[in-house]
Amino acid sequence: MLIMHVHTSLSDVFYSLHQYPHTIHSLGSFLHFVAFSSRGRIALLLPLFSFVCLPLLVALIFHPMSDPWSQVATRLAQRDHLEKHDSEFYSYFAQLARLRPSKSEPERLEKENRQLRDENDSLVSRLNKKTLQMELAEAHAREQAKAIETHKSRLARLQQKIDQLTLEIQEKNHSIQILTDENLVTQIQQNVMKGELDKLKAENDRLLHKVLEKKGAEAEAMNSELK
169 MLIMHVHTSL SDVFYSLHQY PHTIHSLGSF LHFVAFSSRG RIALLLPLFS
219 FVCLPLLVAL IFHPMSDPWS QVATRLAQRD HLEKHDSEFY SYFAQLARLR
269 PSKSEPERLE KENRQLRDEN DSLVSRLNKK TLQMELAEAH AREQAKAIET
319 HKSRLARLQQ KIDQLTLEIQ EKNHSIQILT DENLVTQIQQ NVMKGELDKL
369 KAENDRLLHK VLEKKGAEAE AMNSELK
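Take the sequence shown: its letter number 92 is residue 260 in the numbering used here, and every next letter is one higher.
Everything labelled a hint here was simulated from the structure, so no lab data went into it.
Careful, some of the hints might be misleading.
[Claimed, not checked] Derived DEER-like restraints, expressed as beta-carbon distance ranges:
#, residue 1, residue 2, range
1, Leu333, Ser293, 57 to 67 Å
2, Lys369, Ile346, 30 to 40 Å
3, Gln332, Asp373, 31 to 41 Å
4, Arg325, Gly363, 25 to 35 Å
[As the list claims (entries may be wrong)] Derived pair list, reagent style EDC-like, types lysine to aspartate or glutamate, alpha-carbon separation capped at 20 Å:
#, residue 1, residue 2
5, Lys314, Asp331
6, Lys378, Glu388
7, Lys298, Glu317
8, Lys383, Glu393
9, Lys382, Glu371
10, Lys382, Glu393
11, Lys320, Glu303
12, Lys329, Glu339
13, Lys362, Glu381
14, Lys298, Glu280
15, Lys297, Asp286
16, Lys329, Glu311
17, Lys382, Asp366
18, Lys383, Asp373
19, Lys367, Glu350
20, Lys340, Glu350
21, Lys378, Asp366
22, Lys383, Glu371
23, Lys320, Glu336
24, Lys369, Glu381
Predicted, not measured: the structure shown is a model, and the values here were computed from it.
Positions of the beta carbon are idealized from the N, C-alpha and C atoms, including for glycine.
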């Protein structure tokens, strides 16, 4: 049917254009808006133009009528039917249009890749620095642990020596206590013997005095007899 309308004479075409000048002007403005819109808008408006504007333009050119608004309403109803029928395809097409990368997308991705590489290099450098610090800390901890073990061994030897000296001191204290007791006994015995010695000395002095008195008396008696 569309092929038959294409072969319509040029006079009918010009007549239709003359018959509906305002409608043709509106469609021209719409086409001008589509032509100078962004690539993404053109991709989204192409289905609308194909299913609404193009049939309306063909109808206005090849089917002149006395009541254009009824024809517009009919075309709008057909459009609604087609949109409902193919709405799923429109949704997929819109998603593909949104997912299609723009010209600046590779530059943005390259910039993000550079940033990620810089961040990765920074993280690797920090990780290596932290690893070196951890290794140094572990080596220092091992040295400290070794020094602690050495000090523990030395402390154990010193404690053993202290225990031995403590035992020796206890034995010496016991010996000193024995000697002290013996010395005390000796002092007591010495005091007793000194008392006895004093008594003997006093007795000896008394006896000596008696002997001397007796000898003196005998000497005087002998002197008296000699006279």
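Problem - Enumerated hints in conflict with the structure, sorted upward - result: 3, 4, 5, 7, 11, 13, 14, 16, 17, 19 and 23
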